[in-house]
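S.K.: Sequence:
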Amino acid sequence: MQSLFKQVNGLHKTSLPYYSHLIDHCLSLKSFTHVKILHARLVKVGLNTHTFLGNRFLDVYFRFGSLFDALRVFDEINCKNIVSRNICLKGLCRFGESERAQQVFDEMPERDVVSWNSMISGYVSCGLVGNAMGMFSKMQRSGVRPSEYTFSIMMSVVSCAGRAKQVHGGVIRQGLDLSNVVLGNSLIGMYGKIGLMDYAFGVFLTMKEVDVISWNTLIWGCHRSGYEELAVDQFVVMRSTEHSPDEFTISTVINVCCNLLDLERDWRMRSGSFKN
1 MQSLFKQVNG LHKTSLPYYS HLIDHCLSLK SFTHVKILHA RLVKVGLNTH TFLGNRFLDV
61 YFRFGSLFDA LRVFDEINCK NIVSRNICLK GLCRFGESER AQQVFDEMPE RDVVSWNSMI
121 SGYVSCGLVG NAMGMFSKMQ RSGVRPSEYT FSIMMSVVSC AGRAKQVHGG VIRQGLDLSN
181 VVLGNSLIGM YGKIGLMDYA FGVFLTMKEV DVISWNTLIW GCHRSGYEEL AVDQFVVMRS
241 TEHSPDEFTI STVINVCCNL LDLERDWRMR SGSFKN
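Mapping of the sequence shown onto UniProt numbering: position 115 corresponds to residue 115, and the numbering continues sequentially without gaps.
Quick caveat, the hints were computed from the structure, so don't treat them as lab data. Positions of the beta carbon are idealized from the N, C-alpha and C atoms, including for glycine. Among these hints, one or two may not hold up.
[Stated by the list, open to error] List time: in silico DSSO-like cross-link candidates among lysine-lysine, alpha-carbon distance up to 30 Å:
hint, residue 1, residue 2
1, K165, K208
2, K165, K193
3, K193, K138
4, K208, K193
5, K90, K138
6, K30, K90
7, K138, K165
8, K90, K193
9, K90, K44
10, K30, K44
11, K36, K90
[What the hints assert, rightly or not] Simulated restraints on C-beta separations:
hint, residue 1, residue 2, range
12, G226, D75, 50 to 58 Å
13, V181, L261, 30 to 38 Å
14, G169, H21, 28 to 36 Å
15, F52, N259, 28 to 36 Å
16, H243, V129, 31 to 39 Å
17, T33, S244, 43 to 51 Å
Generate coordinates for the entire structure from the input sequences, incorporating the hints supplied.
M.R.: So this is what it looks like as structure tokens:
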């Protein structure tokens, strides 16, 4: 690594791909020390303010968990672009700095779907569901088209039937591909979480492709909604397909069976008390 550093000073200042390669090398070594050394060298040759390299270091410092260094790099970038601000948004949200992230977001001259998604997911991760909902509404009013990921985030926080149907309706209105496995799984999980298993099955049956997560989410939804026998039935059907149960499947089914045993035990106790 030191031999590579020695070459930095002798390179032309426009050799950005090479510097980017050095950053990648630091990442492969998982060495924060090497990152700091390389950054110091680039400060010395005056490349630390370059937008491309600044964005790279901004991302790297957030990856290594150094909020102080990341924000310092962000401030040093002379010509911040939307990539700079999106990286900063994601990093701040990862640190739970929702207020700082909101400030960066508000100061952005332009925002894309990544910007909005970063703020929405950031608020969700901080437990600020109301803020996430409000940001989602603002996003729609701004004219930025929500992505499949946007709706997946919103589905994870829906807690009532009315809101669930609104989100599902939004997916349809945006013309998003309902056969998308990730989006379909999110819909199944959303409906399963609030007990609307008829809607969950409706989504499952219309999906062109399903995976293990699809089956797991459906079985989990049945279990969560109290349809234990239906959960077992779906497990039996799953075993007849090409999708093999994984640890999550088995764990869910074990819980289902325990509940069924408890129900049977409770029924026997109640039957005995009635006889007496």
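S.K.: Hints first: check each against the structure and report whether it holds.
M.R.: Right, here's what the structure says about each hint:
1. K165 - K208: Measuring from Cα to Cα gives roughly 21 Å; hence the hint holds.
2. K165 - K193: 13 Å, holds
3. K193 - K138: 26 Å, holds
4. K208 - K193: Holds, because 23 Å separates the two Cα atoms, which is no more than 30 Å.
5. K90 - K138: Judged against 30 Å, a Cα distance of about 19 Å means the pair holds.
6. K30 - K90: 21 Å, holds
7. K138 - K165: Roughly 19 Å between the alpha carbons, so the hint for K138 and K165 holds.
8. K90 - K193: OK: K90 and K193 at ~27 Å, within 30 Å.
9. K90 - K44: 28 Å, holds
10. K30 - K44: Status holds; Cα separation ~23 Å.
11. K36 - K90: Roughly 21 Å between the alpha carbons, so the hint for K36 and K90 holds.
12. G226 - D75: 50 to 58 Å: 54 Å, holds
13. V181 - L261: 30 to 38 Å: For L261 against V181, whose Cβ atoms are near 34 Å apart, the range 30 to 38 Å holds.
14. G169 - H21: 28 to 36 Å: 48 Å, violated
15. F52 - N259: 28 to 36 Å: 56 Å, violated
16. H243 - V129: 31 to 39 Å: For H243 and V129 the Cβ distance comes to about 32 Å; the hint holds.
17. T33 - S244: 43 to 51 Å: Once the Cβ atoms are compared, 44 Å apart, the range 43 to 51 Å for S244 and T33 holds.
Violation of the numbered hints given earlier is confined to hints 14, 15; the remaining hints are satisfied by the structure.
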